[in-house]
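So the sequence lines, in the order shown, correspond to chains A and B. Residue numbers for the first sequence follow the numbering used here, beginning at 1 and rising by one. Residue numbers for the second sequence follow the numbering used here, beginning at 1001 and rising by one.
Hints were generated in silico from the structure; no laboratory data involved. All C-beta atoms in this analysis are idealised placements derived from N, C-alpha and C, irrespective of residue type, glycine included. One should not assume that every hint holds.
To be verified - Which residues of chain B face chain A? A few of them, derived with a C-beta cut under 8 Å, are:
{"id": "1", "residue": "1400"}
{"id": "2", "residue": "1402"}
{"id": "3", "residue": "1413"}
{"id": "4", "residue": "1418"}
{"id": "5", "residue": "1425"}
{"id": "6", "residue": "1433"}
{"id": "7", "residue": "1436"}
{"id": "8", "residue": "1484"}
Stated by the list, open to error - From the derived model, a few chain B residues whose C-beta atoms are all more than 10 Å from chain A:
{"id": "9", "residue": "1040"}
{"id": "10", "residue": "1289"}
{"id": "11", "residue": "1293"}
{"id": "12", "residue": "1460"}
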Amino acid sequence: MLTAIWLLPVAGALAVALLPRHLAKPAGLGVAGLTLLLTLLLAVTFDPGHRGYQLEENLPWVDQYKVAYHLGVDGISLWLLVLNALLTVIAILATGPRLRRLRGFIAMLLFLAGCMAGIFLAADLLLFYVFWEVQLIPAYFLLWQWGEGRSGRAALKFILYTLVGSLLALVGVIGEYIYAGNTFQLADLAAHPPTPAIQFGLFLLLGLAFAIKVPLFPFHGWLPDAYRAAPAAFLVTFAGVMGKTGAYAMLRILIPLLPHPVFWWDWNGVMPILAVIGIAWGALLALTQRDMKMVIAYSSVSHMGFIVLGIFSFNQPGQQGALIQMINHGVIVPALFLLVAWIGARTGSRDRAVLKDLAPRMPVLAGIFLIVTLAALGLPGLNSFVGEFMTLLGAWQFAPWLAVAGCIGLLLAPVYMLRLFQGVMYAARGEQLGAPSAAIAEGAHGSEVRTAADGGVIQSVTAVAARPARLDLARAELGILLPLVLLMFVLGLYPYLITQAMNALAFPLPVPWR
Amino acid sequence: MTLLSTVPQINYGVGQAWSDLSQILPIALVAVALLVAIVLDFSLPQPLRGTAAALTAAAGLALALLVAALRFATGGGGSAYSGFASGDTFALFFEMLLAALGLLSVVISRVYVRRRNLLEAELHVLLLAAVAGMMALASATSLVTVFISLETLSVALYVACGYSRRDTASQESAVKYLLVGGFASAFLLYGMALAYGATGTTVLSEIGKRVTEQDAHNPLLILSVILMAVGFGYKISGAPFHQWTPDVYQGAPLPVTAFMSVGTKAAAFAMIIRVFGTGLAHLQAEWALILAFIAVASMLIGNLAAVVQTSFKRLMAYSSVAQGGYMLVGVIAGGKSGFGATLFYLGAYLFMNFGAFAVLTVLVTPEGEHDRISDLDGLGYRHPLLGVLLTAFMLSLAGFPPSLGFFGKLFLFTAGVQSGWTAVVVVAVLASVISVAYYVRVVYHVWSPVTSERRLWRSPAAVGVVTVTAVMALAISLYPALVFALGLTGAADALAAGH
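Please put together the full structure from these sequences, using the hints given.
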């Protein structure tokens, strides 16, 4: 069953690539939907009281080095698998039928989904590494072939950044094998951690790869270009799941396998500091962006900081909060990117400085946007609040000043999110625009301005003014967002759904200092 | 006296002759095919010659592959000809690899010469001679047979490089290869002479018994190790002895380049493992250090130089310099797992490197080869199968999991770290990051818009060869334990001969 969860999308990708074009989207949806059903079935049959991996599959693979094809699921990976499958369905739904090379796009989305499912499923370090690396291939092609603007450069930058990390991680993986008991089984490796000095080196090698993927400050250099270039449908899984693979790897590999990375300083002390800097830095950069997509991209850096902070607070509230936050971020960020992309497609501009007073023209979209905005800034009752509260609680128990510093992010989030929402959707008294087309026309006029922030021209759209298009959300688009919005409420009101799974871990998460 | 003791006994009967011959049976089969092809070439009418030579070569190589595989499956043979050659699993591993390479080359050569309107039969004869020399090199266990085999394969390749007679680049390639190759042979021969002088025997297992760790202070042997390392460096195109590689690879006809990029490397590594690993096992600390320098230089220089190339063949030449550096990591690490990893990587290299070259045959026109990287523009849209497969070969060469190249590197690097060469492994990993830049650049061109108006030459045979290599690569990478086990068995046999 676990094999099917990763193999089905991969095989589906091959099938979609060979099918005729008009069947690509239905076939892709079918495969992704089936995978989603499988993961839901997995969630239903999951035993939240069981310790150790569940539904294991274990076959020898490379006997000489005791590499096994070993899959398993536990409380950390379960909901991430569901999230991955759900977002893949949404990404395919959000793909426009007139996209060029549609078959390739959907095939690559499915391929990526299969690889990421493999990352969450692997219970063998080398198998994990294999999936970890392969996910780069579809991501690279998706960014390069279907990206906007200078996508080739963005894709190359992305792949070189991540490869530096992941090839060094290969040395780390080999080092784990040699110094932690000649095995690649994660559970065995966790039971035999090497000496602190060896851990120090291995932590650097492995942690760098994961930090780049998250991305953790200061390794987020690839993110702005990549997110700017990525098409919205791809961003659903790219931003929604791929960053989580890095955070998941920290929770699954760094913490349990290398609990004491101490030599002349302690890496475990460095990570939360970087996380807190990332929270503040991402939020500050989000404040300065004019492109709405980039506001969300940088807010994502800030939110990922919370996740890392929770993971490295080494206590249950922090790590549970981090897991909740991974799911939350995976629910909120795709919705935001899709909304922004749709606003951009309707008005021809994503420049937050020139768009205004859109709410009267697109009331449903504005309503959804408001809910998602409130969820993103952590309003109690919606999902992000629980996660952020728990990570900060965990951080406080670990070191109070970290929690205090992390609150900067909480304070800035309403500023950039509400500024974005208010500025784009409403206008000050007296600034309202009479006719809908006038607002668009003004938007079109203003969008010719070059923004200093990204150095590029935000698309010019004089044509839109003449088009009396339906501006509000179409029913299909509403349908795409609805499951995400529902999840924001469900997770906000009943986070126990996710936290209870955290009791069923494959192997314990050690607490190094207390 | 010691020399005499290694000379074959006088009472050399039929039984002994047969048992000796059976140890080198695959080589003998290739040699027979070579002779038959030559005879057919001057006895048949002109139009039939090419086909006859191709069929003879294919039959001989297929038989050799079969015999080698059967002998490997039954545990392999042992020493023959009084220790001058061996039919152990180490030799058999290379014989299988080289026979497979020969088979693939026969098809590509035929496709190529017919497209370029060149004579066919002679190319098959030359490649058969080279395969025989390479196989003999892998089973050579005496400095004498090592050198004779090396010259056999080299002379055949010198001629093969200049096969395209009207093409000045091909002629230049042949002359350069001849001059540099002769130079390298001289170094090697000098080193071998010194080793003989220091130990009084040319049989490697005997040398292994007579050389001890104390000989690290023997200037004769140290000089011998240095000179031989230089000679080996030339043959595996390791930096700083790699200067000939790009020119020769670029000028030589495509099938010859594809053949020798894999074959020469495999044979040369077999030679290094035999001579250093078996004969001079006790001087490992010394030769490993020299080879480590060559490895680091190869990986850095090869990968950096490849980044700026515009010709695909030159890019692959520098890539092969770097790949040789990776393979050296296994030799430096030594022992069963190190040598076994190198053997596995050579097997992987056969499929991924040959496959990449074979893709290029669709660009060949009667006038020339069109090997600029930009000639590949849009290949993915003009011929999706080849586009996907070339992408896979490039990713495999770059070491992306779960490709063959990844497992090859994994085994090499694990062996390297295990034996304490972590610094070299870290360099290798960083060099791999550089390599991604140019391998991905090829992929970039493959999936870029079409720029060339030239029609692709959709030869089914060439596409078939590419597909076969890709399928083999995929099959091995799905379950790499099998081929790795073969490599480890071979490595263990080579090591056992030295103790």
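These are the hints, each one checked on the structure:
1. Checking residue 1400 of chain B against chain A: minimum C-beta separation of about 6 Å stays under 8 Å; hint holds.
2. Using the Cβ-Cβ criterion of 8 Å, the hint placing residue 1402 of chain B at the interface with chain A is satisfied: the shortest such distance is roughly 5 Å.
3. Because the closest C-beta pair between residue 1413 of chain B and chain A is about 6 Å apart, less than 8 Å, the hint holds.
4. Here the hint on residue 1418 of chain B is kept, as its CB sits about 6 Å from the closest CB of chain A, short of 8 Å.
5. At its closest, the beta carbon of residue 1425 of chain B sits 6 Å from a beta carbon of chain A; the interface hint therefore holds under the 8 Å criterion.
6. Hint status for residue 1433 of chain B: holds, given a least beta-carbon distance of 5 Å to chain A, under 8 Å.
7. With 8 Å as the threshold, the beta carbon of residue 1436 of chain B comes within range of chain A, its nearest partner Cβ sitting at about 5 Å, so the hint holds.
8. Taken as an interface hint, residue 1484 of chain B checks out: its beta carbon lies about 6 Å from the nearest beta carbon of chain A, inside 8 Å.
9. Distance to chain A confirms residue 1040 of chain B as a non-interface residue, since its nearest Cβ pair spans about 44 Å, more than 10 Å.
10. Residue placement check: residue 1289 of chain B keeps its beta carbon more than 10 Å from all beta carbons of chain A (closest about 21 Å).
11. At roughly 20 Å, the least C-beta separation between residue 1293 of chain B and chain A is larger than 10 Å, which holds for a residue marked as non-interface.
12. No Cβ of chain A comes within 10 Å of the Cβ of residue 1460 of chain B; the nearest lies about 20 Å off, and the non-interface call holds.
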